[in-house]
Amino acid sequence: MRIGTRAVRWGVPVAAVAVVAGIAAAGPVIAAAQGEPSLPRRTAAELLADAAERWQSGRLPQMSGTIVETASLGLPALPAAGGATSPLGLLSGSHQAKVWYGGPDRLRLMVPDEMSESDLVVNGDQVWWWDSAANTATRIKGAPDGAGRPDAVPYAGTVTPRQAAEEALRAAGADTEIAVGEDASVAGRAAYQVVLTPKNAGSLVKEVRLAIDGETLVPLRVQLYAKGTAEPAFEVGFDSVTFTPPAPENFAFTPPPGAKVEESTAPPIARVPHGKDGEVGLDGHDGAAPRVVGDGWDRVVVVSVPKRFEGDVAGAADRAKGGRDGDGVASLANGMLNAATPVSGEWGSGRLIRTKLVTALLTDDGRLLAGAVTPEVLYAAAAAK
Amino acid sequence: MSGATKAGPSGAAAPPHPADHETAYGPGVGAERATAGDAGHAIVTAGLTKRFRGGHVAVDDLHLAVPRGSVFGFLGPNGSGKTTTIRMLLGLVTPTSGRCSVLGEPMPDGVSRALPRVGALVEGPAFYPYMSGEANLRRLDAADPLSDPRTAARRIGEALDRVGLGNAAGKRYRAYSLGMRHRLAIAATLLGPRELLVLDEPTNGLDPQGTREVRALIKEVAADGTTVFVSSHLLSEVEQMCTHVGVMRAGRLVAQGPIAELRAGVAASVRVETPEAGAAAAVLVGLGLTAVSYADGVATAELGDTPPERICAALVGDGVAVRGFAVVRPSLEDVYVRLTGEGFDVES
Amino acid sequence: MSSHETFAHAAPLRAAGPARAAARLLASETALTFRRPRHLAMLAVLAVVPVLIGVAVRIAGADGDAGPIIARVAGNGLVLAFASLSAMLPLILPLAVSVVAGDAVAGEASQGTLRYLLTAPAGRGRLLALKYANVLVFCLAACALVAVSALVAGLALFPTGPVTLLSGTTVPYVEGLLRAGLAVLYAAAGMAALGALALAFSTLTENPVGAIAASVVLVVVSQVLAVIPQLSALRPFLLTSWWNAFDGVLRAPMDTGRMGTGLLVFAGYAVVSGAFAWARFTSRDVTS
Chain A
1 MRIGTRAVRW GVPVAAVAVV AGIAAAGPVI AAAQGEPSLP RRTAAELLAD AAERWQSGRL
61 PQMSGTIVET ASLGLPALPA AGGATSPLGL LSGSHQAKVW YGGPDRLRLM VPDEMSESDL
121 VVNGDQVWWW DSAANTATRI KGAPDGAGRP DAVPYAGTVT PRQAAEEALR AAGADTEIAV
181 GEDASVAGRA AYQVVLTPKN AGSLVKEVRL AIDGETLVPL RVQLYAKGTA EPAFEVGFDS
241 VTFTPPAPEN FAFTPPPGAK VEESTAPPIA RVPHGKDGEV GLDGHDGAAP RVVGDGWDRV
301 VVVSVPKRFE GDVAGAADRA KGGRDGDGVA SLANGMLNAA TPVSGEWGSG RLIRTKLVTA
361 LLTDDGRLLA GAVTPEVLYA AAAAK
Chain B
1001 MSGATKAGPS GAAAPPHPAD HETAYGPGVG AERATAGDAG HAIVTAGLTK RFRGGHVAVD
1061 DLHLAVPRGS VFGFLGPNGS GKTTTIRMLL GLVTPTSGRC SVLGEPMPDG VSRALPRVGA
1121 LVEGPAFYPY MSGEANLRRL DAADPLSDPR TAARRIGEAL DRVGLGNAAG KRYRAYSLGM
1181 RHRLAIAATL LGPRELLVLD EPTNGLDPQG TREVRALIKE VAADGTTVFV SSHLLSEVEQ
1241 MCTHVGVMRA GRLVAQGPIA ELRAGVAASV RVETPEAGAA AAVLVGLGLT AVSYADGVAT
1301 AELGDTPPER ICAALVGDGV AVRGFAVVRP SLEDVYVRLT GEGFDVES
Chain C
2001 MSSHETFAHA APLRAAGPAR AAARLLASET ALTFRRPRHL AMLAVLAVVP VLIGVAVRIA
2061 GADGDAGPII ARVAGNGLVL AFASLSAMLP LILPLAVSVV AGDAVAGEAS QGTLRYLLTA
2121 PAGRGRLLAL KYANVLVFCL AACALVAVSA LVAGLALFPT GPVTLLSGTT VPYVEGLLRA
2181 GLAVLYAAAG MAALGALALA FSTLTENPVG AIAASVVLVV VSQVLAVIPQ LSALRPFLLT
2241 SWWNAFDGVL RAPMDTGRMG TGLLVFAGYA VVSGAFAWAR FTSRDVTS
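Chains A, B and C, in that order, give the protein sequences. Position 354 (the first sequence) corresponds to 354 in my numbering; numbering is contiguous. Each position in the second sequence, counted from 1, maps to that position plus 1000 in my numbering. Each position in the third sequence, counted from 1, maps to that position plus 2000 in my numbering.
Treat the hints as calculated values from the structure; they're not laboratory data. Model, not experiment: these values are computed from the prediction. Watch out, some of these pointers could steer you wrong.
Stated by the list, open to error - Just some of the chain C residues that point at chain B, by a computed CB distance under 8 Å: (1) Arg2024; (2) Leu2025; (3) Gln2111; (4) Gly2112; (5) Tyr2116; (6) Leu2117; (7) Leu2118; (8) Gly2123; (9) Gly2161; (10) Pro2162.
To be verified - Interface residues of chain A toward chain C, partial, derived using beta-carbon atoms under 10 Å: (11) Ala21; (12) Thr66; (13) Pro255; (14) Ala370.
All residues carry an ideal CB built from backbone N, CA and C; glycine is no exception.
Produce the entire structure from the sequences given, and follow the hints as far as they go.
Written out as structure tokens, the structure reads:
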């Protein structure tokens, strides 16, 4: 009798654990329960054409939401890879940003960090970059891509689903199979899934899944799967989204009193190498001019490694604590060097780092080659010089 | 004191009968009453057992019946299970098996109904050292959901005065002497009108003066009709103030009942001093006495129902030269030794 | 018999109502907490640290590696409240809360006063609930004390006026005060979740130092776990990860989503810890 009462008593915390665990898991569970929405069938071509038309026409609906980016590239640990606003910080873990979209010329993108945040505010012809940690407001003059496409303003910290979708479509060519997959539920909305599968054997990418909102055709999520894995190696998508006009004060930015105000033609943080042919400048850093060789899925980025962090691992690590761009690269290289295996071949010799999605080769003659490709493709690229 | 015993409604319900103390006082008494929540008893337990983790059985199949209005001495050497029993009665420890009820409420489920009417001192005083005696009592009074805050100050003052701490009420507990700490703990049991006081070793560590005061206080409280359940390992203490007694030994209750009956339960013996011990013994055997033994100049036997004067006459009639004749009534200590085979610490 | 008559007389006087009686015991608990010399010393430290931060910023200036939010203190005294909460939420405030909540039951048990409270009878579930209510009061008082001390020091040391939020928006001073109040409430909720955990530890032992140490060790370990990159998946489930989300009140619009999730996490910890503490405390043998 008493034993029974005691068992009932201990049932209460057990039940509490179950309920709390249930609520914690409820998000994914609900998403899974809604996982089989059915939208009218459309072919991949129809879908992409419609979507492209909508995106280019600028008739995207006003919206706001939270974007979550998750990368599990299988990189070695990057202890000094910087915060959320550092490009290298995006290569591991999960990051969040908020976006408010009020039309082609009204956009706010916010990346929160602990007790600080960075904002990109576009309002008509005014483009502000606000960095609360540095207490600096930067007015950016002249969008590099030309007018009318404010969200293409290079912003290193975050990639919007739309940018990522365009990027994937651009990469797709004759070497890509495009199909419409099962409908998905993203941020509680029914979405089409366009699946891009590389035909190329040299690519480490199994497929790219692009989720497009069934109603508005806004890209909601991009997932990148590496070969031989069930979980996406890289994912960026909306965690929550509402298609209502955002409050106007989101687009009104005035530099607060006491803040440093600067002017620039580019945001102070370097651009991530974009998928353009030829060379892309890594602003403000001499000696490291990335080149892109090859095309489609086989593209390889080649960087000349500055002498300063070759053979000076400890020094590079020290500098890496600064946490910003160039030193972040140093830190990345540094972390990779520890996990590298020596390789050699007709192309020369060097050290090779393999991850789920990316392979990198640091040649002994001071070049860093990287791509979502098998080592053989890198060797070929290295041989080509 | 016997008046107090009769004052309670226990007279009719008290089960023990002196005829055969092994069964009347031993386990079994009150077993059925525990479930009935007998109004005649302040405390009833049936088959109460506590086995601690690790297997140690502190209390084993305890059948206790404490009549209302009695001053019940709960006697036993240290470690015999008294404190564990008291903790079960107060709902601090859950019995492994068996039942107990206090003031008609089953424990530990009836704690909130029974304990407001019970004052308890368990294993010595324990208070907040950085608070005054008065503040300590105020906190305990606040913990009782049924106590009336409007009368708290008056009741606390009265309780402190009653134990003679009126002048030390504002002093920090840290500065109290051992005797004052004990008195404060007793004051805490007197914060409200109580039907039952449970006092675990209330005089432990007190000087003779303090012991006397506590004893007087207990008698005073009992005279108001409050049942007092007091545990002790000191025989003299129990003998002086209790009307009833229960004896524990190694977790078992070996006897219980009114003190007088318990004493009577052990047969008085007769002792004959004579130069002719053998002849005297023969006479005693002839009279049907049991446990007859004789040694150099002394013959003894259990008295039984035989009137002493008859023995005397028989001895004289048979021409035995009697130098001394005595009927020896057992002390409670003798009773205890008989029951447990253990001596008492006469000094603490 | 006279005792029964007395009792029958007294009974109506003794009916004070359960809510009143609970309030009385809670008042007794808070008096115990806030009069205890050890706790007063701790509260004094909580009040002094923001002043020290303020003085340090005043003397050393706003530059250096002080961290982004501390750098803003020099511009507006009100920011000192947020900076102080941010600086003290990882360890100092949790330490104070652990001391009070970890001691709540174990301290009474080790002192022996628990058996007298329970025979009063305080009622086990009731006593535990009121102990937790007292922990809540302490959490709120501790966080509010930090903020108030910081506000006063900020007024004395730095200019005041409209406050610049993290998003670059400027709001009036009064709205800044309201936001500071919200930050205090949020921080107190975070501390209350830890308090529930420490209270659960407190029911497990008769050694208050053990319960306090367990709670503090948990705080430190979960903060260490949070910075290990390989364990980043754990981060959302750690209590400590959500304490600093009070910075949501400093954004425009206010980041209610993240703070709401934080409050849910706190509630989850509190419910599980509370249920565990209840099951343990109502079934345990009190042998001290």
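Hints versus structure:
no., hint, in the structure
1, Arg2024, "5 Å, holds"
2, Leu2025, "5 Å, holds"
3, Gln2111, "6 Å, holds"
4, Gly2112, "3 Å, holds"
5, Tyr2116, "6 Å, holds"
6, Leu2117, "5 Å, holds"
7, Leu2118, "6 Å, holds"
8, Gly2123, "5 Å, holds"
9, Gly2161, "45 Å, violated"
10, Pro2162, "47 Å, violated"
11, Ala21, "9 Å, holds"
12, Thr66, "7 Å, holds"
13, Pro255, "7 Å, holds"
14, Ala370, "20 Å, violated"
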